[in-house]
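S.K.: Protein chains in written order, with our numbering: chain S, 1 to 297; chain Y, 298 to 682.
In case anyone wonders, no lab produced these hints; they're calculated from the structure.
Among the clues, some could well be false.
Simulated pairs of lysine-lysine, DSS-like, Cα-Cα distance not exceeding 25 Å [to be verified]:
#1 Y:K493 <-> Y:K529
#2 Y:K493 <-> S:K58
#3 Y:K631 <-> Y:K436
#4 Y:K534 <-> Y:K493
#5 Y:K436 <-> Y:K671
#6 Y:K631 <-> Y:K401
#7 S:K58 <-> S:K68
#8 Y:K401 <-> S:K58
#9 S:K68 <-> Y:K671
#10 Y:K631 <-> S:K68
#11 Y:K475 <-> Y:K536
#12 S:K58 <-> Y:K596
#13 Y:K534 <-> Y:K401
#14 Y:K436 <-> Y:K596
#15 Y:K596 <-> Y:K631
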Amino acid sequence: MTSTQTAPGRGAARRRALGARAVFAGPGLLYLTAFMTIPLLIVLSYAFLTRGRFGGVKLELTLSNFSKALDSTYLSILGNSVLIAGITTVLALALGYPTAYAITRLPSRWRTVALVLVVLPFWSNFLIRTYAWIVLLNSEGPVNSVLVNLGIVGAPLDLLYNRGAVVVGLLYAYLPLMILPVYAAIERVDPQLQEAARNLGAGKIRAFLDVTLPLTLPGAMIGAIFVFVPSMGNFVVPELLGGGKTVMVGNLIRDQFLEARNWPFGAVLALSVMIFLVVLFAIQAAIGRRINGGARA
Amino acid sequence: MRRRTPAVWVTVAASAVVLAACSSSASSESSSSSAPASPAASAAASSAAPASEAAAPADLSGQTLTVSNWAGYYPEDLAAQVEKSLGVPLTIANHATNEEIMAKLTAGGDSGFDVAFVSGQYAQALNEAGLLEPIDHSKVPNIANLYPEATQLAFDPGNTFSVPYTWGTTGICYRSDKMAEPTSWNDILTPSADNKGKVTQMTTERWLALPALKALGYSINTTDDAQLAEAKDLLIKSKADLLAYDDTTFYSRLVSGEANEVVAWDGWCNYGTAENPDITFTVPSEGSDVWSDTMVILKSSQNKDAAHAFINFILEPANHAWVAENILYKVPNKAAMEEPGVQALFEQYPNMATSPADLLKQEVVVDLGEDSVKYTDLATEVTSS
């Protein structure tokens, strides 16, 4: 931005620009460094240390935490977490995209009401909302008693304490995180593009599939990440709705710190999840670039 | 390990009617009953005279106390009571789990705590780490109120570094109107047809392993790999008939009818009994554990005389009886358990009347050091299978 200036002026301007940048970016960078980078470095270094008997770490270098993480028990927990988070994400997309689409078609004042309704559950405590599912779905709960009393089922269904219940809970918790970015993406699409497609002879469905959908996919992918990442890390839902019989990687990490007093192994597990997610982000970014490139061409 | 929060609800819900009368009469007795209950004090001729009088012993002036305890595990006005009785300002911090307070106490340097409440096996670990001040019995004359059995617990015989606050065991809490009394841990591990899917087990590692270890006739403190592997297989098989793992709300599942029998701590089963008298506690024939939550003094404390006086204050019969009356746990204090307010609970909550001799027939939980990882791995393998 300073390339057109003469040499002496350029130096001063650059210094001024640097000073301004430092003032603007400094607090944010400092905050990130202090509360993101340093803890991350601590996690990284703990991964190579030995478990302290009373929690914490002993300053003895080891790689055993990594080899332990490759044990089939832990790999299957990671696989199980990916599966549950993946199913949740697909369902969130299937439910969230049409919802978001419908909201954009509402008159503008109803749109605001609808969006407030989407985020309304966030106003109450997550734990209480999850407990509410236990009350609803347990064998003596209202859902089962209605089904039994209407003669639809003979005996109460096992609606709780299985993988399905975990997916239900996660989907409920994170669906708004899918609806909001998709809504933003659909709303940004210029309505004239669809009109143009219709004028050029495309049917309603064709215009949606060829114009709206590709343009809103990046928003859907952001929504997918917003749902997938916290689903992977959640440990409350598997514990409460899964009855502790379904262990996800979030539970495993939590237990290493709060019960097993094995911080180094917890650090390794946390790092593994982070690396897995970074890879996932990279794939998402690559696909996103290809879609954007395609849209431009 | 043990999570106390529900105790708060119980204090409100279960004990409101029955106990309000008892505890108010108990607290009005506190000044009169404490004096005769500690005859050792005068003999000890120490500065820590019976702490019931408003005037504090002179040598505590200038001392302050910071104590960490489980939330809801002590009277709400404990700080005011202690200040009035000992003349020492008291700050109480709450912890939710043993792990939480262990992390604070072992972080290095002065944790700022004078007294901490931790379970026995954690007190043992803290002592081995050199973090605890030996208990000077001459400064805690009320230690004479403890049952003889409570002075010989396996993690600390002679109360050299810990003083027990509560104790109890683990058993089966069940609906006596829906099933016959369970007599074996196998009733949990391989329930009868009527009870399949109506059973919960605990998820905290040592208690997750307990039913299987005892059903197989092994020690709950075993570190033998073959025995643990056998227990693991049994526990994995038992998952097929399990409703859920639960160590916080198991008693409310009995109340709602979701479960018929659950693995439970004796005191927590009482919370279910309070809501439904058909909810009953029993210890299976193969035996169980003895757990104890204890008070310890930190070596780093600058207020050791006040810390001793605080423990002595808790051991006053009326003060210690409060715990039994409101938390519904047994306390290892003979004089406190003989208080009328506590005795009145025995009919409704029979497990509170368990004699120390009977309790100590069970095995005391001790710290396993590095081998505790084996229990972690077992718990992970069982719950994730």
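S.K.: If a hint holds in the structure, say so; if it doesn't, say that too.
M.R.: Hint-by-hint comparison with the structure:
1. Y:K493 <-> Y:K529: holds, 20 Å
2. Y:K493 <-> S:K58: Answer violated: Y:K493 to S:K58 is near 45 Å, above 25 Å.
3. Y:K631 <-> Y:K436: holds, 19 Å
4. Y:K534 <-> Y:K493: Distance ~13 Å between Y:K534 and Y:K493 Cα, so the pair holds.
5. Y:K436 <-> Y:K671: violated, 40 Å
6. Y:K631 <-> Y:K401: violated, 32 Å
7. S:K58 <-> S:K68: Holds: S:K58 and S:K68 sit about 17 Å apart, inside 25 Å.
8. Y:K401 <-> S:K58: holds, 16 Å
9. S:K68 <-> Y:K671: holds, 13 Å
10. Y:K631 <-> S:K68: With Cα atoms ~48 Å apart, Y:K631 and S:K68 exceed 25 Å; violated.
11. Y:K475 <-> Y:K536: Distance of about 22 Å is within 25 Å: holds.
12. S:K58 <-> Y:K596: holds, 22 Å
13. Y:K534 <-> Y:K401: violated, 38 Å
14. Y:K436 <-> Y:K596: holds, 16 Å
15. Y:K596 <-> Y:K631: Not OK: Y:K596 and Y:K631 at ~28 Å, beyond 25 Å, violated.
Hints 2, 5, 6, 10, 13 and 15 from the list above are not met by this structure, while the remaining hints are.
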